[in-house]
Amino acid sequence: MQIKQISVFLENREGRLADVCELLGENNINIRALTIAETEAFGVLRTVVDKPNEAVRLITQKGFTANLTDVVAIEVDDRPGGLAAVLRSFVDADINVEYMYGFIEKSADKALMVFRFDDPKKAIELLKSHDFVVVSNSDIQSL
Amino acid sequence: MQVNYWNKEIETADRAEIEAIQLEKLQHIIKAAFKTPFYSRHFKKLGIKSPRDIKTFEDFRKLPLVSKEDLRRGYPNGFLAGENYDDVVRMHSSSGTTGIPTVIYWNREDLEAATDLVARCLTAAGCTRSDIFQNMMSYGLFTGGLGLHYGAERLGMMVIPIGGGNTIRQINTMRDFGTTTLHITPSYLMHLATAIKEHGIALETLSLKRAIVGAEPHTEETRRKLEEIFNIDCYNCYGLSEMNGPGLAFECVYKNGLHIWEDSYILEIIDPATGELLPDGETGEVVVTCLNRRAMPLMRYRTRDLAHVYTDMCQCGRTHRRLSRIKGRTDDMLIINGVNVFPSQIEEVIMKIPEVGTNYMIHLTKSGAIDRLTVKVEIYSKMFSGDPVELDILKDKISEELRASIYIHPRVQLHEPGILPTFEGKGKRVVDERGEF
Chain A
1 MQIKQISVFL ENREGRLADV CELLGENNIN IRALTIAETE AFGVLRTVVD KPNEAVRLIT
61 QKGFTANLTD VVAIEVDDRP GGLAAVLRSF VDADINVEYM YGFIEKSADK ALMVFRFDDP
121 KKAIELLKSH DFVVVSNSDI QSL
Chain B
1 MQVNYWNKEI ETADRAEIEA IQLEKLQHII KAAFKTPFYS RHFKKLGIKS PRDIKTFEDF
61 RKLPLVSKED LRRGYPNGFL AGENYDDVVR MHSSSGTTGI PTVIYWNRED LEAATDLVAR
121 CLTAAGCTRS DIFQNMMSYG LFTGGLGLHY GAERLGMMVI PIGGGNTIRQ INTMRDFGTT
181 TLHITPSYLM HLATAIKEHG IALETLSLKR AIVGAEPHTE ETRRKLEEIF NIDCYNCYGL
241 SEMNGPGLAF ECVYKNGLHI WEDSYILEII DPATGELLPD GETGEVVVTC LNRRAMPLMR
301 YRTRDLAHVY TDMCQCGRTH RRLSRIKGRT DDMLIINGVN VFPSQIEEVI MKIPEVGTNY
361 MIHLTKSGAI DRLTVKVEIY SKMFSGDPVE LDILKDKISE ELRASIYIHP RVQLHEPGIL
421 PTFEGKGKRV VDERGEF
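In order, the protein sequence lines correspond to chains A and B. Numbers 1 to 143, taken from the UniProt record's numbering, label the letters of the first sequence in order. Numbers 1 to 437, taken from the UniProt record's numbering, label the letters of the second sequence in order.
One chain only, chain B, in its complex shape (with noise of 0.2 Å):
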């Protein structure tokens, strides 16, 4: 297999490079950590007067670990590492749905470092300047969109801005353009599948080779499914925009995790609930610490998602650590009748089953005091046999696979595919409707 490195020395650098390389720019993050409101407070609290305090990882342990309330609360810019914008070249911002928006801020040199990373993520993933580069994702505040489109200019590939949406636009411009890598949801990568062939496009007409499958959490399974409709290869990629957005981690040619770049960023795993540091291989809260801006430093971030670290080295050569998929987040847990369950536990479940398609839902009702978890898949039309009893059986099947797995019996629904809601953006699977308790 073909593996072309950004910055071979750094992406193959020994563990003891590494840490040298993290210690030292801990140092000026910590610096820039004294101009901001929210760390020169806590700085205060603990002793710390001057970076030189914090000399080994032991001492950077003390630092305290940031949630996102503690970045809500510093809205907009208790985070902010000076007393105004005038170094400040950019700032995104998270959509505040859910609450008070969070909001990130870089220095042109910050920005700098995070485009050249997310390059690195893109060699590694094999693209090259050859590459014709179709950004699906939504520009704006969102750190994916801009951030992948400066990330692949950098490495020189033809980056065509299109934004999300639109998918009739997004076909032909695939065709007309000779696209090679899509930059897409995994949602929506699915929902393409069905609309090309609603179009009577033959997928060999196109010249795709892969697809970087980010912004939302998805399983091996989909993976695998999407990766066989469309004959290409994808590559999953974590980041957030506290974290910069895209550039943190990323899978390389071999997928098999995703390398996070530790000589820009410190991970730690502990466990959600003691916040206690946890040993390579066990699964826990992703805390990570940005090494490379300094208009917004950001220290032991509480992510909320759950992750391992794997403990073999990768075939690619690359010493950097990797971190498995996303295995859910500490806030998307379901509780079901009193049983814990994963929504990712249950697509990997169905992805698993050939006859089933690609979208499915999610569904949670009350019946009396009992919780009711209602499946809702599409069928693969191609595994359609035209006889309804083997459809019944396969409904049974479906059922009785995701009782061994999650323990609850869901109810199982058949769609045609294209029935269920697509999602454009990041995918809302779960339509909880027990109310209140």
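With the rest of the complex left out, here is chain A (with noise of 0.2 Å):
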């Protein structure tokens, strides 16, 4: 099961993100997951929120540049090889991962990663074959 992200195109200037984070905030619009992909000039900030399709709307409407993009939520042991447990299952089953990040999350044993996947219907069969959790978009709204 994919849930929705968000990229943001960011130019290098002063006040984009907090832009961003802020037009999210006055929304009530939570964010779960976020990291920055950057290159010299500009940067694409991933996100995960509670409300990706509200999100996404007042973001475009505010000028930014946008899109919506599927990723796959996991429940990894919180345990050291917890990860690495994962990842080699990837590896053995030749899936490829695109880029990952890590979750916000409060409480309990195990730790949420985000995972883009070149082939992600295949991904999702193994994890399930496996007895990972995937994470649902009704599960990121109750987190």
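In short, the hints are calculated from the structure, not lab data. Treat the hints loosely; a few may be bogus.
The list that follows gives simulated cross-link-like pairs (lysine to any residue, SDA-like), each with its CA atoms no further than 25 Å apart [said to hold, decoys possible]:
# : chain 1 : residue 1 : chain 2 : residue 2
1 : B       : LYS366    : A       : GLU40
2 : A       : LYS51     : A       : SER129
3 : B       : LYS395    : A       : THR35
4 : B       : LYS197    : A       : LEU58
Values in this document were obtained by computation on a predicted structure and should not be read as measured data.
Assembly of the complex is requested from the two constituent chains, each provided in isolation within its own frame, with the hints serving as guidance.
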């Protein structure tokens, strides 16, 4: 099951990231995960929020350039080697991770990770067969 | 395609008829020119004693080429036919930001004729009396605002004389009155696209059919982009205040070059360096003679604009020759590390790239003895995939395509839409910070 990630183009200018985050905050949208892919001249903000469709509408209305991408969020055992075990299963199944980043979670013995796969369908099947927990959109809203 | 004429007989006249009209009108213009300080002096020098001394086009080409500097030297009334303003009913003037302003005068008949030509232009571009015309050009001393206003009224459209600026009001007006036709600069039309989106207005709720896009040169790629964004037809027009402003040349519905109304203007294309007349098809400086203005006759005026004349006939049936888009100006050419580059060449390359948005800037700086060209472009939101690697590839692609076209490797900067300066009037897209040589 895939969830929606928002990608926002940010040129290298003071306050752009703060602008996006403020906009989300003012509209009561909660950021669950966030990372920035940077080049020398600009960055692309990637974030998972509780209300992705509403968030992307607000962001683009404010003149930002943004889109929605499908990603997969997975529960990983919060112990040494927990992430490695998941990654190893991808390697064995020949599934590529395009990029990944961590999730904000307040409690529990699980860590959440966001993955973007080159073949998400195959990845999800694999995750299910290994009994890894894939997080759904509704899970994110209730986090 | 529906082709309408304003004055079919004249618009489809054969070459011999057009030339006969030109030579006859020329007599009247030369008669008026005798009353001006500038021409009376030149006529004396050339031994021209009466209008009858100019009977053929060969005679005509003995007349001096007139430059903007000549007009400035004649400020304010060295070209006025007569000693006072008694017959003059209107004047327009350039802003004079780059020097002494140039002033143009009309008598009642002159204005009448100029207005009629604008109505002819608008008809050629498909406008009818059922259209709602929102004139977003500035009024005042600039000829584009009032010129189109009067022409559109003459045609019978409902004219909304809103002028430039105040984007929100422009959009609300378009929506509330069902505007079908805009008169606007390409820079501002691009800005309008972003503004309409920002205000969450769906383009389908507007009644726009076309835009008359003028007052600054733009490329075919820019036109296509604007047409795609708004799903309308954009028509290029060409005019300059010295030649009555708008109404000099205009695109018809076939959008294949601008018909220059040869019953009212004599068009010549010259080699800007030698002044020699060039054959149709060759690019050179546009030189025009106005045949319908007697309060201030102006013949063989050097526009500094570079263009060529199409050699084939237009499908619309009009016989008046067509001018290409203005490719640049003899005075806006940039010399970058010894290479001649027109800003329009850069625009042509970047606007062809679908991932590029509607706005760009050209920056020139100096690094030691070397000129550095930086092209700043906005990305097109619709094409954003969320992948930074793709954006890096895009940057390289823009740079590479520019290098292939202008032989200079520019630095390319990608910007968010709406960040680069927007222009409500003529765009100023070149910033040259190289200083004096």
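Hint check:
no.: 1; hint: LYS366(B) to GLU40(A); result: holds (22 Å)
no.: 2; hint: LYS51(A) to SER129(A); result: violated (29 Å)
no.: 3; hint: LYS395(B) to THR35(A); result: holds (22 Å)
no.: 4; hint: LYS197(B) to LEU58(A); result: holds (12 Å)
Hint compliance for this structure: hint 2 is the single one not met.
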